[in-house]
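There are 2 protein chains.
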Amino acid sequence: MSAANSASGSLRVVGLGPGLAEWITPEASRILAEATDLVGYAPYVERCPQRAGQVRHGSDNRVEIDRARAALRLAQEGRHVAVVSGGDPGVFAMAAAVFEAIDHGEPAWREIDVAVSPGISAMQAAAARLGAPLGHDFCAISLSDNLKPWALVEKRLIAAAQGDFVMAFYNPASKTRRDQIRAAFALLRQHKAERTPVMFAKSIGRADERIIVTTLADAEPGLADMATLVIIGSSETKVIVRGAGEPFVYTPRSAGRAP
Amino acid sequence: MSAANSASGSLRVVGLGPGLAEWITPEASRILAEATDLVGYAPYVERCPQRAGQVRHGSDNRVEIDRARAALRLAQEGRHVAVVSGGDPGVFAMAAAVFEAIDHGEPAWREIDVAVSPGISAMQAAAARLGAPLGHDFCAISLSDNLKPWALVEKRLIAAAQGDFVMAFYNPASKTRRDQIRAAFALLRQHKAERTPVMFAKSIGRADERIIVTTLADAEPGLADMATLVIIGSSETKVIVRGAGEPFVYTPRSAGRAP
Chain R
221 MSAANSASGS LRVVGLGPGL AEWITPEASR ILAEATDLVG YAPYVERCPQ RAGQVRHGSD
281 NRVEIDRARA ALRLAQEGRH VAVVSGGDPG VFAMAAAVFE AIDHGEPAWR EIDVAVSPGI
341 SAMQAAAARL GAPLGHDFCA ISLSDNLKPW ALVEKRLIAA AQGDFVMAFY NPASKTRRDQ
401 IRAAFALLRQ HKAERTPVMF AKSIGRADER IIVTTLADAE PGLADMATLV IIGSSETKVI
461 VRGAGEPFVY TPRSAGRAP
Chain F
221 MSAANSASGS LRVVGLGPGL AEWITPEASR ILAEATDLVG YAPYVERCPQ RAGQVRHGSD
281 NRVEIDRARA ALRLAQEGRH VAVVSGGDPG VFAMAAAVFE AIDHGEPAWR EIDVAVSPGI
341 SAMQAAAARL GAPLGHDFCA ISLSDNLKPW ALVEKRLIAA AQGDFVMAFY NPASKTRRDQ
401 IRAAFALLRQ HKAERTPVMF AKSIGRADER IIVTTLADAE PGLADMATLV IIGSSETKVI
461 VRGAGEPFVY TPRSAGRAP
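Line order of the protein sequences matches chains R and F. Going by the working numbering, the letters in the first sequence line up with residues 221 to 479, in that order. Going by the working numbering, the letters in the second sequence line up with residues 221 to 479, in that order.
Don't read these hints as lab results, they were simulated from the structure. No residue lacks a Cβ here, since even glycine has one placed at the ideal position from N, Cα and C. Be a bit skeptical, because a hint or two may be false.
As the list claims (entries may be wrong) - Cβ pair distances, simulated, as ranges:
hint : chain 1 : residue 1 : chain 2 : residue 2 : range
1    : R       : Arg409    : F       : Lys375    : 30 to 40 Å
2    : F       : Glu242    : R       : His324    : 51 to 61 Å
3    : R       : Val275    : F       : Pro269    : 30 to 40 Å
4    : F       : Glu326    : R       : Arg276    : 52 to 62 Å
5    : R       : Gly476    : F       : Glu326    : 22 to 32 Å
6    : R       : His324    : F       : Ile432    : 23 to 33 Å
7    : F       : Arg276    : R       : Lys395    : 44 to 54 Å
8    : R       : Ile431    : F       : Glu414    : 19 to 29 Å
9    : R       : Arg397    : F       : Ile431    : 28 to 38 Å
10   : F       : Val283    : R       : Arg282    : 23 to 33 Å
11   : R       : Thr396    : F       : Ala371    : 24 to 34 Å
Okay, chain R solo, but in the shape it has when bound:
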């Protein structure tokens, strides 16, 4: 692994968006076409077009940091590596793992040609389907406590409620993690109005796409799973009921004048 090899390899972190092929940026498609190696969670790698001579390194979901290190080693050997992520790789996805690996890895990794290509994240696809719930100040919170204490999630939920932000919840639940979304709703009911709009956006951009618009009083935690993005309105978020079709949800551009 000479310095020359190190200089000639590259690593790109790309996102496939939330599921719809038309949401993958041309930049991401080009990077996937040009890469000598694809590295990622196996279902994401399988979604990429097959290219002759390209090496595909699919892996399990729970080894993000190992996957990042393997990708850096390939780039160091002179390969042109695309690390494949869902959504936007910069939002609760692989980009942070790559930079963690660089930060804690060998010094030569800092000099590798590394760049991130942005993508459509789940909250944006969910918002688009609903109307414009993220039309004003909002925050994005992962409800997973795999990598952070639940007390920090609670602190952020309370702060987000006090700041009257719209909230987008990533990782609201998984097969083995069912309590967090229940606890989050219970906490928010102490800090926000019962009529606050709550939206469940499931599998957006896929065949089983489903939207549910309800209120904080009625929100059923069991509706959230791994493929669900949950959005909680601010005090200004409004629901437009329609004669036909799903309601629209939006947060006005002006704020602070509601009762």
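Place chain F on chain R using the hints.
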């Protein structure tokens, strides 16, 4: 304007991303190609490819709600209208204006075929260029007080600091609005550590693209203008210094274990 006409028209809200053509989604490109009418702020409409027979309605920046109403009227007349926005239309952009217009407009507008197509927002492009500063919980705040009282911005800044969110500031300054970013930095200095990373990302995806990585202690408000996205780190956000090239900035996936 019969019910039949109303049923046959459509309105799509699309985003051109932050400036790079490769960041425009295939869905947005298709919608722009299929539209009979383009409606938007004139510089955005000018960025769209010319199509024979397509009518282009460019307008000034300060008439978003009028523009939304004009687009709805065209759709009601049976036209297929694309409302063109920068970035992601759902994030501090045209989508909210369209739904405000529907909410306060004539009842028939609720039945128009309206949909939003998501796009790459400025904070995602800025984050990609920096590394992964939005890799964990974050919020997006518009510093403009044109449409909300400054007291609400202050409340949200304090809440975001108390929640230790990474923050992305949209509209940090304009030619006539120079004080807000100065006031925001002054307020955050009372609530966050002086060494907190602060990033200015200017004109990302354009020829004059520029990144500045500094700290809250040293952040110079004068660096922000209309084309700048400002990112404030959380207590966990880290800067990776490199021998060659700009530093990387990232927020780890794990949190709550820092001093």
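So, going through the hints one by one against the coordinates:
1. R:Arg409 <-> F:Lys375: 30 to 40 Å: violated (21 Å)
2. F:Glu242 <-> R:His324: 51 to 61 Å: violated (32 Å)
3. R:Val275 <-> F:Pro269: 30 to 40 Å: holds (37 Å)
4. F:Glu326 <-> R:Arg276: 52 to 62 Å: holds (54 Å)
5. R:Gly476 <-> F:Glu326: 22 to 32 Å: holds (27 Å)
6. R:His324 <-> F:Ile432: 23 to 33 Å: holds (26 Å)
7. F:Arg276 <-> R:Lys395: 44 to 54 Å: holds (50 Å)
8. R:Ile431 <-> F:Glu414: 19 to 29 Å: Taking Cβ atoms as reference, Ile431 (chain R) and Glu414 (chain F) lie about 44 Å apart, which means the hint is violated.
9. R:Arg397 <-> F:Ile431: 28 to 38 Å: The hint (28 to 38 Å, Cβ to Cβ) holds, given that Arg397 (chain R) and Ile431 (chain F) are roughly 37 Å apart.
10. F:Val283 <-> R:Arg282: 23 to 33 Å: violated (51 Å)
11. R:Thr396 <-> F:Ala371: 24 to 34 Å: violated (43 Å)
This entry does not satisfy hints 1, 2, 8, 10, 11, going by the numbered hints stated previously.
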